[in-house]
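Asker: The lines below spell out each chain.
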Amino acid sequence: MDNRDKQLLLGAEAVAQAALDAGISGVYAYPGTPSTEITEYIHQSPQAKEAGVRSTWSANEKTAYEAALGMSYAGKRSMVCMKHVGLNVAADAFMNSAITGVHGGLVVVAADDPSMHSSQNEQDSRVYGKFAMIPVMEPSNQQEAYDMVRSAFDLSEEMQLPVLLRIPTRLSHSRSVIRRSEMRPQNPLNPVTDKMGWVLLPAIARKNYQRLIDKQPQLVALSDASVFNTERPGEGDKAVIAFGIAYNYVMEVITTYRLNIPVLKISQYPLPEKKVRQFAERYDLILIAEEGYPVYEEWLKGYFGNDKFRGRLDGALPRTGELSPNALAKALGVETATPRDIPEIVAGRPPMLCDGCGHRDLFEAINRALEIYPHRHVFGDIGCYTLGALPPYNTISTCVDMGAAITMAKGAADAGMRPAVAVIGDSTFTHSGITGLLDAVNDGSPVTFIISDNSTTAMTGGQDSAGTGKYVDICKGIGVNEAHIRTIIPLKKNLEQNIAVLREEFDYEGVSVVISQRECVQTGVKHKKKKAQQQD
Amino acid sequence: MQKNIIISGVGGQGILTMAAIIDLAAMNLGLHVKQAEVHGMSQRGGAVESHLRISSEEIYSDLIPQGKADVILSLEPMEALRYLPFLSPEGVIITAKEPYKNIPNYPDETELLKTIEKTTAHVLVEAALLARQAGSPKTYNIVMLGAAAPYLDIAPTELEQAITHYFFPKGEAVVNMNLQAFRLGLSNNPN
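As they're listed, the protein sequences go chains B and U. Mind the numbering: the first sequence is residues 1 to 536 in the working numbering, read in order. Mind the numbering: the second sequence is residues 537 to 727 in the working numbering, read in order.
Rather than coming from a laboratory, the hints here were simulated on the basis of the structure. Don't take each hint at face value.
To be verified - Result set (DSBU-like, lysine-lysine): computed pairs, CA atoms no more than 35 Å apart in a straight line: (1) B:LYS530 x U:LYS637; (2) U:LYS706 x B:LYS6; (3) B:LYS531 x U:LYS654; (4) B:LYS528 x U:LYS637; (5) B:LYS531 x U:LYS539; (6) B:LYS492 x U:LYS654; (7) U:LYS650 x B:LYS530; (8) B:LYS528 x U:LYS650; (9) B:LYS330 x U:LYS654; (10) B:LYS492 x U:LYS650; (11) B:LYS493 x U:LYS637; (12) B:LYS529 x U:LYS633; (13) B:LYS330 x U:LYS674; (14) B:LYS526 x U:LYS650; (15) B:LYS530 x U:LYS706; (16) B:LYS526 x U:LYS706; (17) U:LYS674 x B:LYS529; (18) U:LYS637 x B:LYS526; (19) U:LYS706 x B:LYS49; (20) U:LYS539 x B:LYS238; (21) B:LYS6 x U:LYS637; (22) B:LYS530 x U:LYS654; (23) U:LYS706 x B:LYS528; (24) B:LYS493 x U:LYS650; (25) U:LYS706 x B:LYS330; (26) B:LYS526 x U:LYS654; (27) B:LYS529 x U:LYS650; (28) B:LYS531 x U:LYS637.
Claimed, not checked - Pairwise CB distance ranges, derived in the manner of DEER restraints: (29) B:GLY348 x U:HIS701: 24 to 30 Å; (30) B:ILE345 x U:GLY548: 21 to 27 Å; (31) B:ILE345 x U:GLY566: 37 to 43 Å; (32) B:LEU285 x U:THR646: 50 to 56 Å; (33) B:ARG368 x U:LYS650: 53 to 59 Å; (34) B:ASN96 x U:GLY566: 44 to 50 Å; (35) B:TRP299 x U:THR693: 20 to 26 Å; (36) U:GLY548 x B:ALA225: 44 to 50 Å; (37) U:LYS650 x B:TRP299: 53 to 59 Å.
As the list claims (entries may be wrong) - Only some residues are given here: those of chain U computed to face chain B with a beta carbon under 10 Å: (38) GLY550; (39) LYS570; (40) ASP598.
Every residue gets a Cβ at the ideal spot worked out from N, C-alpha and C, and that includes glycine.
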């Protein structure tokens, strides 16, 4: 085997490399596990630099999506990447981009996180694809992810629709050897000529919506002809329809135990109607293996429940969580040896805040400051500091969605809670907290917003944060009284002073912002190293 | 051939470096490689593992099935035991002896090592000591890679080439120190 044209890449990196080779002009994204490495790869790629592919981080998924759509309007290819819940943030733009359609190829990458390794839920992005009525591609392995990105751009330009690429954590964060195809140039600047087609006034939107509906039979036909939807022959009256990465687990079991079960692999949607119908008619019992929600199991079973289809809904496979070779072995009737138990002596080792992390000193100050008040509720948000909900601090009471700390604290203040306290990270604040702050200012709500500013997007590995150095100005600009924009440095030596500042602001009957400012210890080490290297 | 290896430890101990070196050596031999990693929240001082599979045939699952790992290669004794459901009946645990204590309820060390000894075939390594002998505590993970080398079905010379390639950007001194660490780990092996 010749290795010269091969690279060992994470699934996420394979998607990134494929997009570069397919001739994108830009990638837009907000960091989020397990999607972050796509944009990071492009950001660090000499090939991207040479080709002038733009790749800096966006403030959130919605701004990222709209910018990608704008690049497509201008005729160039663009990619927008996010974690599954990020698509909720971008959903308005996403749904309506199916109505406008696209010009230059637009590929939307949603990285789903079944089993919630690093997320609040395990929503299945394929549902969004169906909702928007656009093509969805779901690779089963890293090479297919690479190949599919090129096909997705072609399909997007052919059908003038965005194409959703769905990858799960396990594919995104697993390395494999990738064989690349040829690089192709970017599209020239070539803006849309039918400008009215992009103005979604009701009269135009109705026309566009009909056009989207009219495209559906062609999308189904393309799925039926897709090289990614294939059948593996076998014998017997039992069969499997395996979607995306579930195909790997099925094949692992089939090859290990030398089974001869027919498999229909589906990696391009809408469902290939002809293929599925012909396959389903031939067998009496069909296991539906899907990573994520039982989306197509429900569909194939139908409202009245066709028992021939088995899967997550009837317990043949677990209802929740990531699939595994063992889950598939069981569903396919293979007896596997009982695995060894984890000895009782093994203690849990949950993730925790780093030694020397500024959030630690902040939580200590908040806990101490709240001692004199009747309750200890602190609205939290999404980032490393969510770990402040766990011992030893037990400071944080909520974690729902990006920016919710601000607006939930406001709602609780409206209900009469005093003090109403929120902790939000710097990057989360610029992602979705600023608009909530404006609501609070307009209402004069008695709330204390603590921005824990570590000058980075820490949890995803230290990406640049959109508002670094601008927080005081942002808060002033929104109308927070300058006397109630306070900055503290969360260090042990400042503890008593910080407690005093927090209490002063808790007692203030209006909007106050406390900026707790200290660099992330992880990025601090990186910066020091870089500086030392530059001096060498 | 097929080898299923679980590399385990605590976030920040250098698991991904070990995995990258084995990956590189396997790829250079023209083998198929799959290596699942943990990114994101769990990396913050929590238990982390990598599922590494190398094979002369196509590999399907990114995850090693339970009961199918040939080796658990651990940078820490308690983390070696956490992945026991994945170890095959003939499997071997290769672990550093030094505990990584960042939790208040870390178990008794002697009991821990006893549990490993009575559980399965094992190689216990004084990794911190050997790393210091090699020239830096940082080479701890490469010492462990050396200790695991006889169980990976990859010739030590191939792994040494991969180490050289991996550390090349950091200069000759770093390369040599890591080669030394690898050899100390390798010669520590009782077999």
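Asker: Indicate, hint by hint, whether the structure satisfies it.
Answerer: We went through each hint and held it up to the structure:
no., hint, result
1, B:LYS530 x U:LYS637, "30 Å, holds"
2, U:LYS706 x B:LYS6, "24 Å, holds"
3, B:LYS531 x U:LYS654, "49 Å, violated"
4, B:LYS528 x U:LYS637, "27 Å, holds"
5, B:LYS531 x U:LYS539, "41 Å, violated"
6, B:LYS492 x U:LYS654, "46 Å, violated"
7, U:LYS650 x B:LYS530, "44 Å, violated"
8, B:LYS528 x U:LYS650, "42 Å, violated"
9, B:LYS330 x U:LYS654, "30 Å, holds"
10, B:LYS492 x U:LYS650, "41 Å, violated"
11, B:LYS493 x U:LYS637, "26 Å, holds"
12, B:LYS529 x U:LYS633, "30 Å, holds"
13, B:LYS330 x U:LYS674, "43 Å, violated"
14, B:LYS526 x U:LYS650, "39 Å, violated"
15, B:LYS530 x U:LYS706, "13 Å, holds"
16, B:LYS526 x U:LYS706, "15 Å, holds"
17, U:LYS674 x B:LYS529, "15 Å, holds"
18, U:LYS637 x B:LYS526, "24 Å, holds"
19, U:LYS706 x B:LYS49, "24 Å, holds"
20, U:LYS539 x B:LYS238, "31 Å, holds"
21, B:LYS6 x U:LYS637, "40 Å, violated"
22, B:LYS530 x U:LYS654, "47 Å, violated"
23, U:LYS706 x B:LYS528, "16 Å, holds"
24, B:LYS493 x U:LYS650, "44 Å, violated"
25, U:LYS706 x B:LYS330, "48 Å, violated"
26, B:LYS526 x U:LYS654, "42 Å, violated"
27, B:LYS529 x U:LYS650, "41 Å, violated"
28, B:LYS531 x U:LYS637, "31 Å, holds"
29, B:GLY348 x U:HIS701: 24 to 30 Å, "37 Å, violated"
30, B:ILE345 x U:GLY548: 21 to 27 Å, "23 Å, holds"
31, B:ILE345 x U:GLY566: 37 to 43 Å, "42 Å, holds"
32, B:LEU285 x U:THR646: 50 to 56 Å, "53 Å, holds"
33, B:ARG368 x U:LYS650: 53 to 59 Å, "43 Å, violated"
34, B:ASN96 x U:GLY566: 44 to 50 Å, "49 Å, holds"
35, B:TRP299 x U:THR693: 20 to 26 Å, "55 Å, violated"
36, U:GLY548 x B:ALA225: 44 to 50 Å, "48 Å, holds"
37, U:LYS650 x B:TRP299: 53 to 59 Å, "54 Å, holds"
38, GLY550, "15 Å, violated"
39, LYS570, "5 Å, holds"
40, ASP598, "4 Å, holds"
Of the hints listed earlier, those the structure fails to meet are numbers 3, 5, 6, 7, 8, 10, 13, 14, 21, 22, 24, 25, 26, 27, 29, 33, 35, 38, in rising order.
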